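Read top to bottom, the protein sequences are chains A and B.
My numbering numbers the first residue of the first sequence as 1 and each following residue consecutively.
My numbering numbers the first residue of the second sequence as 1 and each following residue consecutively.
Since the hints were made in silico from the structure, they are not lab data.
A hint or two may mislead.
Said to hold, decoys possible - Below are the DMTMM-like pairs computed for lysine to aspartate or glutamate, each with C-alpha atoms no more than 25 angstroms apart in a straight line: (1) K127(B) - E35(A); (2) K131(B) - E55(A); (3) K25(A) - D76(B); (4) K131(B) - E35(A); (5) K94(A) - D76(B); (6) K131(B) - E59(A); (7) K73(B) - E59(A); (8) K50(A) - D100(B).
Predicted model, so just to flag it, every value in this text is computed and none were measured.
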Amino acid sequence: MNTGIVRRQHAHHFATADQEFSASKLGMWLFLVTEVLLFGGLFVGYAYGKSVYPEMWHEASKHLDWKLGALNTLFLITSSFTMVMAVNAAQRNKAGEMNGKMVGYLIATIALAGCFLVVKYFEYSHKFHDGMLPGIYYTYSGVQNANAHYFFGLYFLMTGLHGFHVVVGMILLGWVLVRATKGHFYSEYYTPVEVGGLYWHLVDLIWIYLFPLLYLVG
Amino acid sequence: MSNENHSAHSEGHHGHFVVPAAAYVAVFVALLILTVVTVAVAQVDLGPANMPVAMLVATMKASLVALIFMQLKYDDKLNGLVFIFGLIFLSLFFLFTLLDVFSREYIDPKYGNHTIAAEQLRAMQNKAADKAGVNTPVKPGGYTADMPAKDEWQPPPPPPTTPDAGLVDGGAPAEGSVPGSEPGSVAGSEAPAEAAPAGSAAPESAPR
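With the hints as constraints, model all of the structure from the sequences given.
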């Protein structure tokens, strides 16, 4: 690992490095808004399903394991914390002395994301085994209520899209990690750490709503 | 522009505002506590308050993440504004979808009875009536397990097609008349006279 830093000149179409930084951040926020609206469609589908089939919803959600959901919440919240600590280390990194800390926090973030996916894998394989699948693939007989395939369809869509974002986040942060080991990020340039962090926090933000909606109140 | 922005909240050229790590630790602990709260509250059945309480706790957590971890509190206000606008449009999405779900039977009292929401409501009323030992007057639609089988469900009656029942005002206009023309206009004043022989019950409804 590089113990020094590699200085960076801002791109020629920006007047200053600060302008480049704030433009990147604004671009990320605009993207995050489209993400919120993408997930928003599924949340509206949730609100519709729960309003129209309240009893089925309640019964079907009992078949999700809230303990696994809570464990995953723990993983994601902790990973959000290690992510801000990585950004914090980058902000304090004057001459490479914080490189090690930054890399450590990034590795922790990616590892926690991996833990999340492992738990998700066990949840999914259990549901695949029991036939709690969306639409016409639904074969589970444990829920008395008809239409339970609607709930499990939304469950897979919401957690699946979220899980896909977790995978993308791991790839993104993996790239940030590789560059961090090369000493590319320091107090005057850490834009990828910052906007990668923003993306990661949004993944956490969405899970903060998914967890109670799917596992707890149902 | 960005230079001015920056000198307002930082010293030096590149000094972005650095949040003390202790603040992050405090937020992390708060998020853990709120997670325990939301799980603990869910073990108690609060009835209709379940959802609002869970959403309140989730929104507190989300606000902490957005304001501190995502630094909206310390950031250029533009980023926060962009995010807020996204949330406003999301709430419009929710508002109009749910308005539709919950208000169909009020808008169309006759055919609104056959919406899923109305069937649900009737099923709940029938269930309550059964518990009270009252004979249920209306057959429910069969959307949930505690209702009768689906083959008992009768499709809604077709909308009236005979001219005497449904088409009272100008329903059978003359072929030459302009649709939607006012009674006072030239084309409209001729239309009722031509339309009258067309329908059998027309003499009764023609004055309207």
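Structure-based check of each hint:
Restraint check for K127(B) and E35(A): not satisfied, since their Cα atoms lie roughly 42 angstroms apart, outside the 25 angstroms limit. With a C-alpha separation of about 17 angstroms, the suggested pair K131(B) and E55(A) falls inside the 25 angstroms cut-off, and the hint holds. Distance restraint check for K25(A) and D76(B): the Cα-Cα separation of roughly 10 angstroms lies within the 25 angstroms cut-off, and the hinted pair is therefore satisfied. Taking the CA atoms of K131(B) and E35(A), the gap is near 47 angstroms; set against the 25 angstroms cutoff, the hint is violated.
Proposed proximity of K94(A) and D76(B) is supported: the alpha carbons are some 24 angstroms apart, at most 25 angstroms. Taken as a hint, the K131(B) and E59(A) pair is honoured in the structure, with Cα atoms around 21 angstroms apart against an allowance of 25 angstroms. Distance check on the hinted pair: K73(B) and E59(A) sit about 40 angstroms apart at the alpha-carbon level, beyond 25 angstroms; violated. Note on K50(A) and D100(B): the hinted pairing holds, with a Cα-Cα distance of about 14 angstroms set against a maximum of 25 angstroms.
Going down the numbered hints, you'll see the structure goes against 1, 4 and 7, while the others check out.
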